[in-house]
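Chains A and B, in that order, give the protein sequences.
Per this note's numbering, the first sequence starts with residue 6, numbered consecutively.
Per this note's numbering, the second sequence starts with residue 85, numbered consecutively.
These are computed hints drawn from the structure, not numbers from a lab.
All clues given are correct.
Facing chain B, according to a computed beta carbon distance under 8 Å, are these residues of chain A, among others:
(1) T433
(2) T440
(3) A468
Each residue gets a CB set at the ideal place from its N, CA and C atoms; glycine is no exception.
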Amino acid sequence: MARLIVLGGGVAGHTTATFAAKWLGSQHEVVVVTPNAKWNWIPSNIWVGVGQMTKEEVTFDLASVYAKAGITYKQAKAVSLNPEGNESSDKPFVTIEYTSKSKSGESENIEYDYIVNATGPKLNFDATPGLGNGQGAMGTNTVSVCTADHAVHASHKLQESIEKMKAGERQKFLIGTGHGMCTCQGAAFEYIFNIEHELKKAGVRDMADIKWISNESFLGDFGMGGLHMKVGGYVVSSKLFAESLFAERNVDWLIGAHTSKVEEGKVEYELLDGSKGEEEFDFAMLIPPFAGVGLKAYAKDGEDITATVFAPNGFMKVDANYAAGAYENWKASDWPRTYQNPTYKNMFAAGIAFAPPHIISKPMSSPNGTPINPTPPRTGMPSGIIGKAVAHSVCDLMTKGENAHLHEASMAEMGAACVASAGKGLTTGTAAAMTVYPVVPDFEKYPGTGRDTDYTFGEIGLAGHWIKHILHHLFLYKAKLNPGWTLIPE
Amino acid sequence: MKHEEKNFEKSDQFNLTMIPGSFARKMRTCVIWQFIRFVAINIKMIIVVSKSH
Numbered sequence: 006m007a008r009l010i011v012l013g014g015g016v017a018g019h020t021t022a023t024f025a026a027k028w029l030g031s032q033h034e035v036v037v038v039t040p041n042a043k044w045n046w047i048p049s050n051i052w053v054g055v056g057q058m059t060k061e062e063v064t065f066d067l068a069s070v071y072a073k074a075g076i077t078y079k080q081a082k083a084v085s086l087n088p089e090g091n092e093s094s095d096k097p098f099v100t101i102e103y104t105s106k107s108k109s110g111e112s113e114n115i116e117y118d119y120i121v122n123a124t125g126p127k128l129n130f131d132a133t134p135g136l137g138n139g140q141g142a143m144g145t146n147t148v149s150v151c152t153a154d155h156a157v158h159a160s161h162k163l164q165e166s167i168e169k170m171k172a173g174e175r176q177k178f179l180i181g182t183g184h185g186m187c188t189c190q191g192a193a194f195e196y197i198f199n200i201e202h203e204l205k206k207a208g209v210r211d212m213a214d215i216k217w218i219s220n221e222s223f224l225g226d227f228g229m230g231g232l233h234m235k236v237g238g239y240v241v242s243s244k245l246f247a248e249s250l251f252a253e254r255n256v257d258w259l260i261g262a263h264t265s266k267v268e269e270g271k272v273e274y275e276l277l278d279g280s281k282g283e284e285e286f287d288f289a290m291l292i293p294p295f296a297g298v299g300l301k302a303y304a305k306d307g308e309d310i311t312a313t314v315f316a317p318n319g320f321m322k323v324d325a326n327y328a329a330g331a332y333e334n335w336k337a338s339d340w341p342r343t344y345q346n347p348t349y350k351n352m353f354a355a356g357i358a359f360a361p362p363h364i365i366s367k368p369m370s371s372p373n374g375t376p377i378n379p380t381p382p383r384t385g386m387p388s389g390i391i392g393k394a395v396a397h398s399v400c401d402l403m404t405k406g407e408n409a410h411l412h413e414a415s416m417a418e419m420g421a422a423c424v425a426s427a428g429k430g431l432t433t434g435t436a437a438a439m440t441v442y443p444v445v446p447d448f449e450k451y452p453g454t455g456r457d458t459d460y461t462f463g464e465i466g467l468a469g470h471w472i473k474h475i476l477h478h479l480f481l482y483k484a485k486l487n488p489g490w491t492l493i494p495e
Numbered sequence: 085m086k087h088e089e090k091n092f093e094k095s096d097q098f099n100l101t102m103i104p105g106s107f108a109r110k111m112r113t114c115v116i117w118q119f120i121r122f123v124a125i126n127i128k129m130i131i132v133v134s135k136s137h
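Just need the whole structure built from these sequences, with the hints factored in.
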């Protein structure tokens, strides 16, 4: 019997572990190590953050689901990897530290035959002074919707602002990114328009000034360098549609901005032209930058080989081309296909945990040398597809031997469907429904837009909201491994 | 005053983009039209999803 360990229980980790357990059966062991007791459908945190859903509606307990799937579940965080074993054993192992109440603080070494790193990101609040609390967690100056608990907190703060507006006190809302190297602009985009929608419903929209602050060089970049869509016979940039929505909803914007400092009621920022400024706020939701979770790696003799296994940002190196150099040399083929670590062939990474070869958007920096550009998104559908491909590869390696064919899922060859909510309501809600193909633009194949405009489209409306709501229930159903779960695509 | 006139007037940023008129905005939440769009978008998404697996 061989053992597969999956680090992380988010979209990528959960997909990898559940498919591997199904395909391997009881012949082999699948272990999931995740510090969380609950699974969270993160896209719906937006609705928790405006009080339209509860935490319970977007989460469920993992233990019973993993018991049903025959997966060994350890509520713990991975601390380090020993891919060559140690001086007393050749067997690779991972050191974990339990986070569950009953075993909190206890450590354990677990040996593995294969390991998949799907730890997701560390929410690096402390990268911006005042955004974090100095100890790795969110500070008190802003709110976040990155976790269900954060979103509940954000919802309470929003309610306080609404009450103030009802009492006649004007409020300034600042939503966007909290650093020049953030990703996940889509989540902030959804949140700002859900707030706008809720303020209208509460009858206080005229008492609110709403402003977007982002590291994108143009509205609608979304960390993907934007996208071009066919609309009304034209092929147009997402910039035009994003700006249109902001103007229609009376939401001001500040782009190309690196948030350099956050204080109570105020942010300081630097723009791409090198100028600096301040923006005051009463309510701010600023997405933190992401980093790897800080896993260390050690060789058999105890030497620190973290730099061999992980990129400087803490994400795991895989079969990507990390030597592409300048922007002019970037190619779609730089992006990984199998997500196998080049040094240790029994190690894979999936979802946000893999180190991308470079960003997708055009790299930009201010004259002061401050990099201000979105980092690439690796969430949602691509995470699920990568997780499933990695599960397939690992299962084949375990059952057919080490020369088995590896399955491929390059972000430069896959598309993604994305639905960005702009307000919740059965007949009044709207969302931007988009598909993009491929996720990473291929300028060799499509020299103008980088993407196939036959399969890249977007439109806003109630239909998009219905789709987002249905996807909420569908993916929770799938993640709970209810009957027919494998029929629902990632 | 028309909705778009109000918004175009607010700033240069707003003035240089496109803002939907009342018909386009009404169609966004028109249940019958949106049901048709729901079917169309789903078909498009299924095609992209099937090309990606």
